[in-house]
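Sequences listed follow chains A and B, in order.
In case it helps, this note's numbering puts the first sequence at residues 1 to 116.
In case it helps, this note's numbering puts the second sequence at residues 117 to 232.
Treat the hints loosely; a few may be bogus.
What the hints assert, rightly or not - No farther apart than 25 Å at their CA atoms in a straight line, the calculated lysine-lysine pairs in the PhoX-like style are these:
| hint | chain 1 | residue 1 | chain 2 | residue 2 |
| --- | --- | --- | --- | --- |
| 1 | A | K55 | B | K219 |
| 2 | B | K119 | A | K41 |
| 3 | A | K66 | B | K119 |
| 4 | B | K219 | A | K64 |
| 5 | A | K20 | B | K219 |
No lab work stands behind these hints, which were simulated from the structure alone.
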Amino acid sequence: GAVVSQHPSWVICKSGTSVKIECRSLDFQATTMFWYRQFPKQSLMLMATSNEGSKATYEQGVEKDKFLINHASLTLSTLTVTSAHPEDSSFYICSAPRTSWQETQYFGPGTRLLVL
Amino acid sequence: DAKTTQPPSMDCAEGRAANLPCNHSTISGNEYVYWYRQIHSQGPQYIIHGLKNNETNEMASLIITEDRKSSTLILPHATLRDTAVYYCIVRSSPNAGGTSYGKLTFGQGTILTVHP
């Protein structure tokens, strides 16, 4: 069964609005979660690393003020796309490593965002 | 983390073995080979990983060459539901620490199409 969930699974919003996406680890605690973005026919690109209790670490070229990340608990990270524009339309996916020495990562089902 | 090279696409008949190659000629001693797959419009799914020994689980087998410069993912009896993009990823052991801890860098992967 799924071990990482995302909500919502899809969202349509108007340009200029903000959208919050939740990522939850269902049966394990995750001090670190990762946020990816995937455009059509492209591979996943890491956006940022979400750290519980501290600031997120953003990849080069990702605007931290536009993509706000909050990791307030050991099972929840949120990504807020602020002032969304059509070019932000994408498939957003989170992942979390289950705590084990081999650190297999589990991915959420993804959230499809369409900005009109 | 070392880069990987995979063929962009492959076909396989249902019921036959699917052998997906991956080149990672710059792999270093503490880097593992991971395989994930992504079925259309879903989050990636972990398949298998290994360091230098061949590995097998309920999903697949992973064959790593003795020099570790390449590997092959084997789906022994492919089904239509195995149609997906398969990603070969090389990354450092979690115990290596450093800023790359936990990150997965996705390449373009191999689009595997299983046909009846």
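Can you name, in rising order, the numbers of the hints this structure does not satisfy? 3
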